[in-house]
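Go ahead and model the full structure; you've got the sequences and the hints to work with.
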Amino acid sequence: MADTEHTEEVDPQFEPVIKLTDQVETKTHEEDEDALFKMRAKLFRFETTSSEWKERGTGDVRLLQHKTTKKVRLVMRRDKTLKVCANHSITSDMRLMPNIGSDRSWVWKVAADVSEGEPTAETLAIRFANADNAQSFKSEFEKAQKINTSKEEPAVPAAEETKEEEVKEDEAKDETKEPEEATEEAKEAAEAKEEGKETKED
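Start counting the sequence shown at 1; every next residue gets the next number (the UniProt record's numbering).
Derived by calculation from the structure, the hints in this document are not laboratory data.
Some hints here could point you the wrong way.
To be verified - Result set (SDA-like, lysine to any residue): computed pairs, CA atoms no more than 20 angstroms apart in a straight line:
id, residue 1, residue 2
1, 54, 147
2, 70, 148
3, 109, 50
4, 42, 92
5, 38, 129
6, 67, 35
7, 143, 80
8, 42, 151
9, 54, 151
10, 70, 130
11, 143, 35
12, 80, 39
13, 71, 58
14, 83, 101
15, 151, 83
16, 109, 119
17, 54, 114
18, 143, 54
19, 151, 140
20, 38, 83
Here it is in C-alpha coordinates:
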(Lines of atoms letter the chains of each structure in order from A and count residues from 1; the text may use other names and numbers.)
(Lines give C-alpha, C1' and ligand atoms only; values in the text may rest on other atoms or scores of the structure.)
Protein backbone atom coordinates (compact mmCIF):
# COMPACT_ATOMS: atom_id res chain seq x y z
CA MET A 1 0.00 0.00 0.00
CA ALA A 2 2.93 2.29 0.73
CA ASP A 3 3.98 1.85 -2.87
CA THR A 4 0.62 3.08 -4.15
CA GLU A 5 0.53 6.24 -2.03
CA HIS A 6 1.07 9.49 -3.96
CA THR A 7 4.03 11.51 -2.71
CA GLU A 8 3.93 15.30 -3.10
CA GLU A 9 6.73 16.81 -5.12
CA VAL A 10 8.73 19.47 -3.30
CA ASP A 11 9.90 22.53 -5.31
CA PRO A 12 12.53 24.26 -3.17
CA GLN A 13 13.03 28.02 -3.67
CA PHE A 14 16.21 29.81 -2.66
CA GLU A 15 16.60 33.54 -2.03
CA PRO A 16 19.95 35.31 -1.89
CA VAL A 17 21.13 36.13 1.60
CA ILE A 18 22.85 39.32 0.42
CA LYS A 19 21.06 41.61 -1.98
CA LEU A 20 23.29 43.40 -4.45
CA THR A 21 22.83 47.15 -4.74
CA ASP A 22 22.77 49.04 -8.02
CA GLN A 23 26.09 49.20 -9.79
CA VAL A 24 27.93 52.43 -9.00
CA GLU A 25 29.92 53.99 -11.82
CA THR A 26 33.48 54.76 -10.75
CA LYS A 27 35.21 57.78 -12.25
CA THR A 28 38.95 58.20 -12.66
CA HIS A 29 38.79 61.90 -13.69
CA GLU A 30 40.31 60.78 -17.00
CA GLU A 31 36.96 60.89 -18.79
CA ASP A 32 37.40 64.61 -19.48
CA GLU A 33 40.91 64.19 -20.90
CA ASP A 34 42.47 63.23 -24.21
CA ALA A 35 45.61 61.07 -24.40
CA LEU A 36 48.37 62.94 -26.26
CA PHE A 37 50.93 60.18 -25.65
CA LYS A 38 50.84 56.56 -24.47
CA MET A 39 53.73 54.11 -24.19
CA ARG A 40 54.69 51.12 -22.07
CA ALA A 41 57.49 51.73 -19.56
CA LYS A 42 58.81 50.90 -16.11
CA LEU A 43 58.78 53.55 -13.36
CA PHE A 44 61.16 53.91 -10.41
CA ARG A 45 61.18 56.17 -7.35
CA PHE A 46 64.30 57.27 -5.47
CA GLU A 47 64.06 56.37 -1.79
CA THR A 48 65.95 59.02 0.19
CA THR A 49 66.13 57.06 3.45
CA SER A 50 67.93 54.09 1.86
CA SER A 51 69.49 56.07 -1.04
CA GLU A 52 68.35 53.54 -3.63
CA TRP A 53 65.86 53.24 -6.47
CA LYS A 54 62.59 51.40 -5.80
CA GLU A 55 60.42 50.05 -8.59
CA ARG A 56 56.94 51.58 -8.61
CA GLY A 57 55.48 49.49 -11.39
CA THR A 58 55.24 48.64 -15.08
CA GLY A 59 52.48 49.94 -17.31
CA ASP A 60 51.44 52.59 -19.81
CA VAL A 61 52.70 56.11 -19.15
CA ARG A 62 50.29 58.67 -20.59
CA LEU A 63 50.21 62.42 -21.12
CA LEU A 64 46.60 63.52 -20.67
CA GLN A 65 45.22 66.90 -21.76
CA HIS A 66 42.06 68.28 -20.16
CA LYS A 67 39.38 69.05 -22.76
CA THR A 68 38.42 72.38 -21.14
CA THR A 69 41.53 73.82 -19.47
CA LYS A 70 43.94 72.22 -22.01
CA LYS A 71 46.36 71.53 -19.15
CA VAL A 72 48.52 68.41 -19.51
CA ARG A 73 49.47 65.98 -16.75
CA LEU A 74 51.43 62.72 -16.57
CA VAL A 75 49.59 59.63 -15.37
CA MET A 76 50.87 56.07 -15.12
CA ARG A 77 49.00 52.99 -13.86
CA ARG A 78 50.35 49.57 -12.99
CA ASP A 79 49.41 46.60 -15.15
CA LYS A 80 46.55 44.36 -13.92
CA THR A 81 45.83 46.30 -10.70
CA LEU A 82 45.61 49.66 -12.55
CA LYS A 83 46.83 51.36 -9.39
CA VAL A 84 48.23 54.84 -10.02
CA CYS A 85 52.01 55.00 -9.60
CA ALA A 86 52.56 58.50 -11.04
CA ASN A 87 50.22 61.47 -11.27
CA HIS A 88 51.49 65.03 -11.56
CA SER A 89 51.23 68.19 -13.65
CA ILE A 90 54.01 68.88 -16.13
CA THR A 91 55.60 72.19 -15.14
CA SER A 92 58.16 74.37 -16.91
CA ASP A 93 60.82 73.82 -14.22
CA MET A 94 61.01 70.04 -14.80
CA ARG A 95 64.09 68.73 -16.60
CA LEU A 96 64.44 65.25 -18.07
CA MET A 97 67.99 64.17 -17.28
CA PRO A 98 69.53 61.09 -18.93
CA ASN A 99 70.10 58.24 -16.52
CA ILE A 100 73.77 57.33 -16.16
CA GLY A 101 74.75 54.46 -18.44
CA SER A 102 71.41 54.26 -20.29
CA ASP A 103 70.04 55.85 -23.46
CA ARG A 104 66.49 54.64 -22.81
CA SER A 105 65.91 56.08 -19.35
CA TRP A 106 65.12 59.55 -17.92
CA VAL A 107 65.22 61.04 -14.43
CA TRP A 108 63.26 64.09 -13.26
CA LYS A 109 62.13 65.78 -10.04
CA VAL A 110 58.50 66.42 -9.14
CA ALA A 111 57.41 69.01 -6.59
CA ALA A 112 53.93 67.51 -6.08
CA ASP A 113 53.12 63.96 -7.16
CA VAL A 114 49.64 62.91 -5.97
CA SER A 115 49.68 59.22 -6.86
CA GLU A 116 49.46 58.33 -3.16
CA GLY A 117 46.77 60.90 -2.42
CA GLU A 118 48.76 63.63 -0.68
CA PRO A 119 51.16 65.79 -2.76
CA THR A 120 54.76 64.70 -2.20
CA ALA A 121 58.10 65.75 -3.68
CA GLU A 122 59.60 62.85 -5.62
CA THR A 123 62.57 61.97 -7.81
CA LEU A 124 61.33 59.62 -10.53
CA ALA A 125 63.02 57.57 -13.24
CA ILE A 126 61.37 55.95 -16.23
CA ARG A 127 62.82 53.27 -18.50
CA PHE A 128 61.58 52.37 -21.99
CA ALA A 129 62.13 49.36 -24.22
CA ASN A 130 64.55 51.23 -26.49
CA ALA A 131 66.21 54.60 -27.11
CA ASP A 132 63.67 55.62 -29.79
CA ASN A 133 60.78 55.25 -27.34
CA ALA A 134 62.71 57.26 -24.76
CA GLN A 135 63.28 60.08 -27.26
CA SER A 136 59.60 60.08 -28.25
CA PHE A 137 58.63 60.47 -24.60
CA LYS A 138 61.08 63.35 -24.14
CA SER A 139 59.74 65.14 -27.21
CA GLU A 140 56.10 64.86 -26.11
CA PHE A 141 56.99 65.76 -22.52
CA GLU A 142 58.62 69.02 -23.66
CA LYS A 143 55.64 69.82 -25.91
CA ALA A 144 53.38 69.42 -22.88
CA GLN A 145 55.58 71.84 -20.93
CA LYS A 146 55.14 74.47 -23.65
CA ILE A 147 51.37 73.94 -23.68
CA ASN A 148 51.09 74.37 -19.91
CA THR A 149 53.39 77.41 -19.93
CA SER A 150 51.33 79.13 -22.64
CA LYS A 151 48.22 78.65 -20.51
CA GLU A 152 49.89 80.45 -17.60
CA GLU A 153 51.13 83.51 -19.60
CA PRO A 154 47.80 85.46 -19.79
CA ALA A 155 47.95 85.96 -16.02
CA VAL A 156 50.80 88.49 -16.41
CA PRO A 157 49.02 91.01 -18.71
CA ALA A 158 45.96 90.73 -16.51
CA ALA A 159 48.03 91.87 -13.54
CA GLU A 160 49.42 94.77 -15.58
CA GLU A 161 45.92 95.83 -16.60
CA THR A 162 44.90 95.86 -12.95
CA LYS A 163 47.79 98.19 -12.12
CA GLU A 164 46.84 100.51 -15.00
CA GLU A 165 43.26 100.63 -13.76
CA GLU A 166 44.49 101.51 -10.26
CA VAL A 167 46.59 104.37 -11.69
CA LYS A 168 43.60 105.69 -13.65
CA GLU A 169 41.46 105.56 -10.51
CA ASP A 170 44.09 107.51 -8.57
CA GLU A 171 44.26 110.14 -11.34
CA ALA A 172 40.48 110.43 -11.35
CA LYS A 173 40.51 110.95 -7.59
CA ASP A 174 43.14 113.69 -7.98
CA GLU A 175 41.02 115.40 -10.65
CA THR A 176 37.98 115.40 -8.38
CA LYS A 177 40.02 116.93 -5.59
CA GLU A 178 41.44 119.79 -7.70
CA PRO A 179 38.17 121.81 -8.07
CA GLU A 180 37.58 121.61 -4.32
CA GLU A 181 41.06 122.92 -3.63
CA ALA A 182 40.58 125.73 -6.18
CA THR A 183 37.32 126.73 -4.49
CA GLU A 184 39.02 126.88 -1.11
CA GLU A 185 41.78 129.08 -2.54
CA ALA A 186 39.18 131.44 -4.07
CA LYS A 187 37.42 131.75 -0.72
CA GLU A 188 40.68 132.53 1.07
CA ALA A 189 41.55 135.19 -1.55
CA ALA A 190 38.10 136.82 -1.19
CA GLU A 191 38.40 136.88 2.61
CA ALA A 192 41.87 138.47 2.32
CA LYS A 193 40.46 141.23 0.07
CA GLU A 194 37.66 141.99 2.53
CA GLU A 195 40.14 142.19 5.39
CA GLY A 196 42.27 144.60 3.29
CA LYS A 197 39.26 146.88 2.67
CA GLU A 198 38.37 146.96 6.37
CA THR A 199 41.97 147.91 7.25
CA LYS A 200 41.95 150.86 4.78
CA GLU A 201 38.59 152.16 6.09
CA ASP A 202 39.93 152.18 9.65
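*Mind checking the alpha carbons of residue 151 and residue 83 for me, to see if they're no more than 20 angstroms apart?*
Given that 20 angstroms is the threshold and the Cα spacing comes to 30 angstroms, the pair is violated.
*asked:* Given the hinted pair residue 54 and residue 114, is their Cα-Cα distance within 20 angstroms?
replied: holds, 17 angstroms
*asked:* Check the hint pairing residue 80 with residue 39 against an upper bound of 20 angstroms on the C-alpha distance.
replied: holds, 16 angstroms
_Holds or violated: residue 109 to residue 50, with C-alpha atoms at most 20 angstroms apart_ = Roughly 18 angstroms between the alpha carbons, so the hint for residue 109 and residue 50 holds.
*Could you grab the alpha-carbon distance between residue 70 and residue 148 and see if it respects the 20 angstroms cut-off?*
Holds: residue 70 and residue 148 sit about 8 angstroms apart, inside 20 angstroms.
*asked:* Check the hint pairing residue 71 with residue 58 against an upper bound of 20 angstroms on the C-alpha distance.
replied: violated, 25 angstroms
*Given hint residue 129 paired with residue 38 - CA-CA distance at most 20 angstroms*: With Cα atoms ~13 angstroms apart, residue 38 and residue 129 stay inside 20 angstroms; holds.
*Is the Cα-Cα distance between residue 70 and residue 130 20 angstroms or less?*
This hinted pair is violated, its Cα atoms lying about 30 angstroms apart.
*asked:* Can you confirm whether the C-alpha distance between residue 42 and residue 92 stays at or below 20 angstroms?
replied: Judged against 20 angstroms, a Cα distance of about 23 angstroms means the pair is violated.
*Could you grab the alpha-carbon distance between residue 83 and residue 101 and see if it respects the 20 angstroms cut-off?*
violated, 30 angstroms
_Does residue 151 sit within 20 angstroms of residue 42, going by the straight-line distance between their CA atoms?_
violated, 30 angstroms
*Does the structure keep residue 143 and residue 35 at a Cα separation of 20 angstroms or less?*
holds, 13 angstroms
The structure shown violates the earlier hints numbered 1, 4, 7, 8, 9, 10, 13, 14, 15, 18.
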